[in-house]
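On the provided structure of chain E, position chain D as indicated by the hints.
Sequence lines, in order, name chains E and D. Numbering-wise, my numbering puts 145 at position 145 of the first sequence, and it's gapless, one number per residue. Numbering-wise, my numbering puts 182 at position 182 of the second sequence, and it's gapless, one number per residue.
Just so you know, these hints were derived from the structure itself, not from any lab. Hints should not be assumed to be uniformly reliable.
[Said to hold, decoys possible] Residues of chain D clear of chain E, computed beta-carbon distances all greater than 10 Å: (1) ARG31; (2) VAL44; (3) ALA72; (4) ASP188.
[To be verified] As a list, the in silico DSSO-like pairs of lysine-lysine whose alpha-carbon atoms are at most 30 Å apart: (5) D:LYS314 - D:LYS377; (6) D:LYS385 - D:LYS289; (7) E:LYS90 - E:LYS37; (8) D:LYS3 - E:LYS176; (9) D:LYS203 - D:LYS21; (10) D:LYS3 - D:LYS21; (11) D:LYS314 - E:LYS4; (12) E:LYS100 - E:LYS37; (13) E:LYS4 - E:LYS134; (14) D:LYS386 - E:LYS37; (15) D:LYS3 - E:LYS187; (16) E:LYS134 - E:LYS90; (17) D:LYS312 - E:LYS187; (18) D:LYS289 - D:LYS377; (19) E:LYS4 - D:LYS286; (20) D:LYS286 - E:LYS37; (21) E:LYS117 - E:LYS127; (22) D:LYS42 - D:LYS3; (23) D:LYS249 - D:LYS286; (24) D:LYS386 - D:LYS3; (25) E:LYS185 - D:LYS3; (26) E:LYS200 - E:LYS134; (27) E:LYS185 - E:LYS100; (28) D:LYS385 - E:LYS185; (29) D:LYS312 - D:LYS386; (30) D:LYS312 - D:LYS385; (31) D:LYS386 - D:LYS286; (32) D:LYS249 - D:LYS21; (33) E:LYS37 - D:LYS3; (34) E:LYS176 - E:LYS100.
Every residue gets a Cβ at the ideal spot worked out from N, C-alpha and C, and that includes glycine.
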Amino acid sequence: MASKVHQVTVWARGVVQDKEGRDIANGLARAAGQEGKFTQSFDNYVDLPDRVNVPLRKYARISDEEIEERYEYENLHPEVVIVADATIVKGIDVLRGMEKGGTLVVATDRRPEDILKFIPNRDLLGKIVCVDAKAICGDRTVDFSGSEGGVDSVGIGQGISAPILGALARGSELVKLDHLDAVVKNKDALHKGHEQAVVKTLN
Amino acid sequence: MAKEMMLSGCASSAQAAKMAKVEVISSYPIRPYTAIMMELSKMVANGELDAEFVHGEGEHGQLSIVLGAAAAGARALTGSSGVGVTYAFENYSPIAGGRIPLQMMIADRALDPPGDFGSEHTDAMSCRDQGWLMGWAETPQEAFDNCLINYRVGEDHRVLLPQFVCQDGYFVSHIPGPVSLPEQSQVDEFLPPYNLPHPLDPKRPVSHGPQIRPDQGTIMDIQRAQAMLDAPAVIREAIDDYNRIFGRKYAPFVEEYMTDDAEIAFFLMGAHTMTARHAVRHLRAKGVKIGLVKLRFVRPWPTEEVAQALSKFKAVGVVETSTSYGGAMRGGNLLHEVRASLYELPQRPLTTSFMAGLGGEMVSLEDFYHMTEVLSKAVREGKTKKTVYWVGFEAED
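The following block holds chain D by itself, in its conformation from the complex:
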């Protein structure tokens, strides 16, 4: 029987790692992800979890420790937040390029300056192109589920990629929500033991990460790119199995809410999707033809699914929770990829981005109502005035 508990995203993530039977954990403290390690260290100390718990001297060390452990054949876990994520940056490409499928849990946090501990997706999003799977959780339950799903996909020999398993700091990581903890037997059925094809082993020597000649580089890049191209089919399989074994209803890449006959829609990921869903429901009750599309994986980016989901709308508001200073859309990151996904379509919806939830700012129902007005006006006028609206900071829309 599944066990229902009220858990924070940090606590549910630690429970998931325990049920995934992680073997090596590497920590270094930074809010808000710290509680994941706090909970795991308690489990190791209590004998609930048989894992090596190694405290790094910083995030760079943390990632180096799990790289070694996972390369030697141990299921490995680490995590961080904010500037901790960026401090470890050097390690992300070697881990992905070395095809070491370890997992890093990120409870996101705004980058400095100043020292802001609120949620923002920019820390993890800054690392998105290194060849790691990446996606955000909306709830502590989804944080739990994403840990197991990502280990399964990343460790699959058709993929072999590390995973950034992200959740909005504080909102998801600290506010407890209902979590259904499955039986260990269900997890064991879903997630086979870690089995790296060529682990480091003194009895069977292999080389990992050697120096190569420049002419050998591209083939490794192609293989890393191919792994991302192969990942979607594996994600589909994993989600099907997950839904069947655990009784969930996840879509692999994009989840739609009230999109039937919708003319306008929000496109977003992570915590604020929850509030957006309530806003959409209230707006529907008032006769506004609005829906919502939630993104579950940023990497691999589901180009066809995004195009298909968004093609039916007249206008789409991409709610950005990260920054791309000086980028083509003058705001966040997601709109770049949304527009690129729509480019080949004969009929494209109007698109714009709403900068919201930055620096940990809340995104309220009222904020979503305001965004709806901007989108409705765009439909009426047949154009969007701007590619970026800073929600709550615009003199007039």
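Isolated chain E (complex conformation):
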């Protein structure tokens, strides 16, 4: 059988973070592709068309071999979950489907210990990474292009996706900072996210 497909799920807020959420998934897939991995990234079809601030999901998949079941709707078993707006963890089981030992990356100004209080199934986690993405590059909606099967016309990683991707490289082996550096536009924010990320290993 084919080798393992590593699944990464991104949670973001509708419309205002639609592109940033997608940039995280696309940036990760493209960076991993640079080291010869097979990748795919896609929006959750059911969450679209998105509504303002309504939670939505974006997916990336990385594998050493060709991904055989490309035509699916969701990542059922994410090993990394990224939350672009920390308040999402209060209402949604973001770790659903995760196997024990997974990683959670949260954009927040709080400490990992504070975020974990809102994660009832935190036992699943092997690691949590927090990064104050908004403090690094501000909070703004960069663009609306690329939604619903369209093409991104401004490039990946100009908003909070850049420091979040930096934090991901800090806390996960799935992607390397150098490869992200080649695809992310706001390189300063990417590197600051990598440096300032707070990583807490659990279990």
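Just chain D, lined up with the frame of chain E:
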């Protein structure tokens, strides 16, 4: 140099339309095809594409707009999904009967009820007998290629037929895949400018679509039927040229995978062919003599090619992604045509249909393994128990 990009089927289709230099585009929004129009409208607004972009008041209006434009001598493009496809139905016969070779891109979608936005081939398949060329893409790359191939074939004066260029909604239309975008010079070499024989022109008046007497009707039907009969030779030429100019390896009508010495085979079209191919590869590794035949054109239906490809198997599972309620096979549409294609053969394979991928349902490797067991059992017993299996919904097989 070709440019490699990760594009959704919608985005690749828009790129193809741009490189085909479409002159009139008519839109009306409905998921999932909308992104094709979203991308094209951006191109027109940015000045990348010199085309008239007209927003219809609905799909019926959309088709009327491109009918007028193409009749007046403009390469025209429209598109839709699901109930949008069926809402425009009245226009399909006048366009084909009028021999106006415009193109409609369909990112398919299940028909109501209820409001399901998942992929299913039934929307376009319901329109298959109006005299339009029709086929499905498996990948965003094939969606791109099919746009250019269909314009070339449809606009050929030996054919002059409109084209439904279809892709599975979401699976192909929304999930990005690798697409090689050619040079404009390659496209220009492949696709000559649009040249309708008798366009509407105030300086040279002609009539299109007049009322006729009943005794004049049949001759027009014969001509439309003849155009479909003439299309295969033109498709062959176009595919040969396409493969040569763009470095692809398409078969014109049916593509075979691992069919050498195969005893059983899947027959299908569109997105799920990709997963089926992986399933076949894994099954081969386990010693199962299985292959796959992919259909590239539903219209014109390649009767001889289908018969030839399938005659060598003991059992064929037709994976249906559309419904024909109350039909002879009690399930989908393709098995009707597959069985009709095989009828004249002295030795026919066992055939059955697998209803899968309806309402946007995924078709997994496991589903294909399950279908394989049904086919293997049919070979062992020398018969199929049923003409239709609802994959995942059968109490026992």
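query: Out of the numbered hints, which ones does the structure contradict?
result: Violated hints: 1, 7, 11, 13, 14, 17, 24, 27, 28; rest satisfied.
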